[in-house]
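Chains A and B are the protein sequences, given in the same order.
Residue numbering for the first sequence is 1 to 109, as defined by this note's numbering.
Residue numbering for the second sequence is 110 to 224, as defined by this note's numbering.
These aren't lab readings, by the way, just hints derived from the structure by calculation.
Hints are all accurate, no fakes.
Think about it this way: if two alpha-carbon atoms lie no more than 25 angstroms apart in a straight line, the pair counts; the simulated DSS-like pairs of lysine-lysine are:
no. : chain 1 : residue 1 : chain 2 : residue 2
1   : A       : K3        : A       : K68
2   : A       : K3        : A       : K56
3   : A       : K17       : A       : K56
4   : A       : K56       : A       : K41
5   : A       : K41       : B       : K120
6   : A       : K3        : B       : K166
Label-pair ranges, simulated between beta-carbon atoms:
no. : chain 1 : residue 1 : chain 2 : residue 2 : range
7   : B       : E123      : A       : V48       : 38 to 44 angstroms
8   : B       : K124      : A       : Q57       : 46 to 52 angstroms
9   : A       : T73       : B       : E194      : 30 to 36 angstroms
10  : A       : D66       : B       : S136      : 32 to 38 angstroms
11  : B       : G125      : A       : G40       : 24 to 30 angstroms
These numbers were taken from a predicted model, which means no experiment stands behind them.
In this text, a Cβ means the ideal position worked out from N, Cα and C, and glycines have one as well.
Okay, here's what each chain looks like letter by letter:
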Amino acid sequence: ELKVEQNPLFLSMQEGKNYTIYCNYSTTSDRLYWYRQDPGKSLESLFVLLSNGAVKQEGRLMASLDTKARLSTLHITAAVHDLSATYFCAATYTDKLIFGTGTRLQVFP
Amino acid sequence: GAGVSQSPSNKVTEKGKDVELRCDPISGHTALYWYRQSLGQGLEFLIYFQGNSAPDKSGLPSDRFSAERTGGSVSTLTIQRTQQEDSAVYLCASSSGALSYNEQFFGPGTRLTVL
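Chain A on its own, in the form it takes in the complex:
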């Protein structure tokens, strides 16, 4: 059974700072997703990573995948308050998604 570990669980960041969220998964997976969830809302897809070495960027967020290390990272550059949300990684496993625990990001002035 695939397990997905995500850390940190909670991240309080000052605006303008950089930080990285880590996502480890325990066995081979075809796809790695990053989602954003705002309070009371559903999941918004941010990135889909398919292959080793894949890197995708959107604004201040950049996601990468190392399939050999079974590690994905979500890097936040120069954080702004609008990025405050909970971020989940998820890996595909036998036609379902296995989610990490989520990282609650809070960006303060």
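Knowing the structure of chain A, use the given hints to seat chain B on it.
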């Protein structure tokens, strides 16, 4: 185009009652998934449909939970004799095929509160 829709958006029920949650997938999507998001357990897979059949029901937490899909479209998740631990947000998602090759799109969820 329309995304995944779910109804009701909120449901409050008394312990012991049965509830039905509905999911309308994106038109043409053959695969449909139910997940549950609760404070104690995070986001958990419940069941997966391909067409009208459910090849993977491994996430259903007890025999009080059941789901069906008709016409390859709408799905209903039924919880019988609800318990307080069933309180959670139930998320539905759909995709146009196998997850290895197709992205999954999530609905807004149904927040279930069992009193």
